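A.B. asks: Spelled out, the chains give:
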Amino acid sequence: MSTILIIEQVLNGLQFGVMLFLMAAGLTLIFGVMGLINLAHGSLYMVGAFAAAAVAGLTGSFFLGLVAALAAAALAGAVIEIAVIRRLYDAPHLDQVLATFALILIFSEGTRWLFGSFPLFLDIPDALSGPVTLPGGIEYPLYRLALICIGLAVALGLWGLIERTRIGVQIRAGENDREMIAALGIDISKLYTLVFALGAALAGLAGALVGAIQSVQVGMGEPVLILAFVVIVIGGIGSIRGAFIGALLVGLTDTLAGVFLPELFKLFMETGAAQKSGSALASMGIYILMGLVLIWRPTGLFGARA
Amino acid sequence: MRLDERYINAVMIAGLLALPLYALAVDEPFTITLVTRAVILALAAVGLNIILGIGGMVSFGHAAFFGLGGYAMGILAYHAQTYTALDLGFISFEGTKSMPLIWLVAMVVSAIAALFIGVLSLRTSGVYFIMITLAFGQMFYYFAISWAQYGGEDGLSIYIRNDFPGLNTLEPIQFFGICFVILCAVLLLKARLQASPFGLALNAARQSAARVQTVGMSPMRLRLLAFVLSGAITGLAGALYADLNRFVSPAMFSWQLSGELIVLIIIGGVGRLMGPVIGACIFVALEHFLGGLTEFWHIYLGLILLGIVLFGRGGLLGYLTGKEGAHV
Amino acid sequence: MKKLLMAAATAALCATPAMAEVKVGMITTLSGGGAGLGIDVRDGFMLAIEQSGRDDIEVVIEDDQRKPDIAVQLSDKMIQSERVDVMTGIIWSNLAMAVVPSAVNQGVFYLSPNAGPSPLAGKGCHENYFNVAWQNDNLHEAAGAYANSAGYENSFILAPNYPAGTDALTGYKRFFEGDLAGEVYTKLGQTDYAAEIAQIRASDADSVFFFLPGGMGISFLKQYADSGVDLPVVGPAFSFDQGILQAVGDAALGVVNTSQWNKDIENAANAAFVESFQAEYDRLPSLYASQGFDTANLLLSALEKADPADADAFREALRAADFESTRGDFAFGPNHHPVQTIYAREVIKEGDVFTNKIIGPALEGHSDAYAAECKM
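Residue numbers (the numbering used here), protein chains in the order written: chain A, 1 to 306; chain B, 307 to 634; chain C, 635 to 1010.
Careful: at least some of the hints might be erroneous.
Label pairs and their in silico Cβ distance ranges [stated by the list, open to error]:
#1 A:A91 - B:L592: 50 to 58 Å
#2 A:G137 - C:L887: 43 to 51 Å
#3 C:D813 - B:M526: 56 to 64 Å
#4 A:I4 - C:Q912: 43 to 51 Å
#5 C:D690 - B:Q562: 51 to 59 Å
#6 C:G888 - A:E163: 49 to 57 Å
#7 A:E179 - B:G321: 19 to 27 Å
#8 A:L58 - C:E950: 30 to 38 Å
#9 B:G472 - C:A954: 32 to 40 Å
#10 C:N739 - B:V425: 20 to 28 Å
#11 B:L421 - C:N739: 38 to 46 Å
Here are a few chain C residues that sit away from chain A, every Cβ distance over 10 Å (derived from the structure) [claimed, not checked]:
#12 G785
#13 K821
#14 D826
#15 D884
#16 A885
#17 G888
#18 A913
Hints listed in this document are in silico derivations from the structure and should not be mistaken for laboratory results.
Keep in mind that this is a model prediction, so the values were computed, not measured.
Ideal Cβ positions, reconstructed from N, Cα and C, are used throughout, including at glycine.
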């Protein structure tokens, strides 16, 4: 196994990780500020991808598609926050799970009703298609590099928003003490809608960006949702920094385990069996990682100590 | 409308028994199958409700035990139907088609798994507990998918339903009878448990772990014991479910199934004896009737669930009795 | 007099058993992720029933949500409650394995419009089970044969880690005579193939064979096209059917895939099918639609000759496969699986629509590897 291949796989893991971060950031923010478990976050990812595919198909512009994805997901987020989620902040976690589970059903079948049962087409823009040669002779798809950059930029922007702006101060205050910031005269329900829409927009962005290299279809959000939950639990719920580290850990573990475990097993098994058992173990890899992290630190890497 | 919960419970049990008998009289065997499905799902949810309702632990990975019970049945019956040896290293035998034996194995295997998962998971709480149990469920799911010897994703078909001494289990009504009796027995057990010192202590541990600790009991041990018991009951339900379908597959381990079990409990009412039973009946009925109405029935199912959460706090039983009941 | 008329009428009814009421149960996937395939099978099937003009055939359609346990319950419902004579419709092999063995053992006929798992073709074959599509390995075997004729000597092969994936790679290897540059099992439902594509790039393969049905194939093709790896790709038709080609777009252009059917196979039945399907549903038919259509026509041809109540006669009528198939010649082998020609097709663009065109046969008069194990 060559160095080039290893570097390429690390890049792949990184790219997967930053996209997971876009999903996980919104999820962890919503949990941190409002204390809400949002299972429907994967549906917002799907809404973003479908909006991007529909608009890009009509206008021929990927960029407009991205704008549409952000807008549609943020709007969908704001609408469900006002119509449903708002009533659940004081409800037990169980009610939140059931209500957002119901939202998944409504979103999935609603999307199928609107767009039909066949996957939609969304392609990467011409300017970003094809591979580039990196120093060291590594050929790597330009679009995936762009994804890594966008992901890192969003992470930086989010950090700036939370640490350096007025809204950020309110969000952090909201995580610590809801009653207090309400008492300070901040319109808390507006703040909540805003945070929810922000989280939704990030999910929609991820859906559109990833949709271009994967398939835009109903149900695409659920596998990512589960992964995003794994990420925020590893990182510590409510922590943006934890979500970032967790996302990279999950991305790298999943990618590298899939490649190296079968190779490792080949050392002491015959090829076919090594392939099969190696990839079987690899598909459990991130869950094993999560189990280990939680056994070591029951509230995740950066979670508040109980 | 304010009804006594005991009264509703009695009506429920009577109804559950009467419907299949009526279906038998008018020769509609499929209705019996549907009710049997509801009874088995209810049994699995009653198992989950021991930790969820009394103990306040939301396990999002109970499909692990449901699946283990299913595979215990699948593997034992598979070896019996193919006359191949099941080699466990220390013992080798040709499987079995006997239900009581299969149930025993299913419960023991699930209990051992629950002990293992419980020891590790119960160090966490709240959302972390939800997620770590999900993680264990997913591990079992992916393991089952790549377990080629027992069908992998295709699963295992068992051609003839397993035997119970003295009964013809192929008759839908007789198999229903078996499941119904087991459900009643487990409900009785749970009622006794809830009122026992153990149940009271577990309930107290949910409200305040520190207080339980000060009176010299270990909340961790209470929870672990409840978790193991809960896993074993859900495992038993898994074995019955496998026998109902004469088929097991990794889908029994899926996180959607864990989610469905939670949904059943919430629909009926958390922490109530008959909550899971009512929830399972409503869920199966919705699935059956809405599915026949429209291709897009999931939308309506979603809307109904949403309505239950937003307007029917405490589930259907909470609504009928006018008490919100135990909340987590 | 009245009595006589009644007797005459009864006699007339008995003389034409084909006119008996027939109930068909269709269990297929109509909601959730894989709904496109089930909808195509259903639409193809119903088109043929409609065209036959017979109003004595009742088709009960149910959605299995792609869940095996739901499929089993629906099957119980079809047999116990609806009391159907014939069942059909299942798309996925794992669902077929859950439903078919117990259904045929209860005396129902099952006509498979899509799935063809190997146990049902070999040791587990049954006299009441007929497969109108293919045995699961068939299209992969044809891909292997095509790879030989295209002169490939070193293939990189990949499929998901589940039984149908193992069957696919086994099928390809059964006919491919070259070497393997790599053999990879991916995670079921995986959507990112960057890691596998990197392995392909690092290998010294001269061709790639993949079996990744549904959304997995869309993802793989888009990412492969963008990776700059330009080795030729071969695959079975499942990643190139009419339903998903539009979602893959340019990335699929020129890719060779194997199929027992295409819309340009020249015969009258096929031309009429393609035209009427488009007229009825306003979209091009896929191979799944053609399989649904053929399944219904097989059923209709048998009903002309015998009543399902007379199981032996009806079975003989099915076995004769006396219908005009959209794929031209069609016959059943001894295990009730098709003996048919499998073609290599190439993805092309007609106007704005991506579709396939036939290059030539990859395997002719092909049966399957399990027929010998079938004792019927």
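A.B. asks: Regarding B:G472 and C:A954, is the given constraint of 32 to 40 Å on their beta-carbon distance met?
C.D. replies: violated (47 Å)
A.B. asks: Is the gap between the beta carbons of A:G137 and C:L887 within 43 to 51 Å?
C.D. replies: Since the Cβ atoms of A:G137 and C:L887 sit about 29 Å apart, the hinted range of 43 to 51 Å is violated.
A.B. asks: C:A913: least C-beta distance to chain A exceeds 10 Å?
C.D. replies: Non-interface label stands for C:A913: nearest chain A Cβ at 19 Å, farther than 10 Å.
A.B. asks: Would the least Cβ to Cβ distance between C:A885 and chain A come out above 10 Å?
C.D. replies: The assertion about C:A885 is violated, with a minimum of 8 Å to chain A.
A.B. asks: Starting from the hint 19 to 27 Å, judge whether the C-beta atoms of A:E179 and B:G321 obey it.
C.D. replies: This hint is violated: roughly 47 Å between Cβ atoms.
A.B. asks: With 30 to 38 Å as the target window, see if A:L58 and C:E950 comply at their CB atoms.
C.D. replies: Check failed, 56 Å falls outside 30 to 38 Å.
A.B. asks: Can the suggested window of 56 to 64 Å be confirmed for the beta-carbon pair C:D813 and B:M526?
C.D. replies: Check passed, 57 Å falls within 56 to 64 Å.
A.B. asks: Does the claim that C:D826 lies off the interface hold, with its Cβ farther than 10 Å from every Cβ of chain A?
C.D. replies: Violated, because the least Cβ-Cβ distance between C:D826 and chain A comes to about 6 Å, which does not exceed 10 Å.
A.B. asks: Quick check: does the Cβ-Cβ distance between B:L421 and C:N739 fall within 38 to 46 Å?
C.D. replies: Check passed, 40 Å falls within 38 to 46 Å.
A.B. asks: Just want to verify: C:K821 was marked as not at the interface with chain A; is every Cβ pair farther apart than 10 Å?
C.D. replies: Contrary to the label, C:K821 does not stay out of reach of chain A, its closest Cβ about 4 Å off (not over 10 Å).
A.B. asks: Mind verifying the non-interface call on C:D884? Its CB should be farther than 10 Å from each CB in chain A.
C.D. replies: About 7 Å separates C:D884 from the closest Cβ of chain A, which leaves it inside 10 Å; violated.
A.B. asks: Regarding C:G888 and A:E163, is the given constraint of 49 to 57 Å on their beta-carbon distance met?
C.D. replies: Holds: the Cβ-Cβ distance is about 51 Å, inside 49 to 57 Å.
The structure fails to meet hints 1, 2, 5, 7, 8, 9, 10, 13, 14, 15, 16 from the earlier list, while all remaining hints are met.
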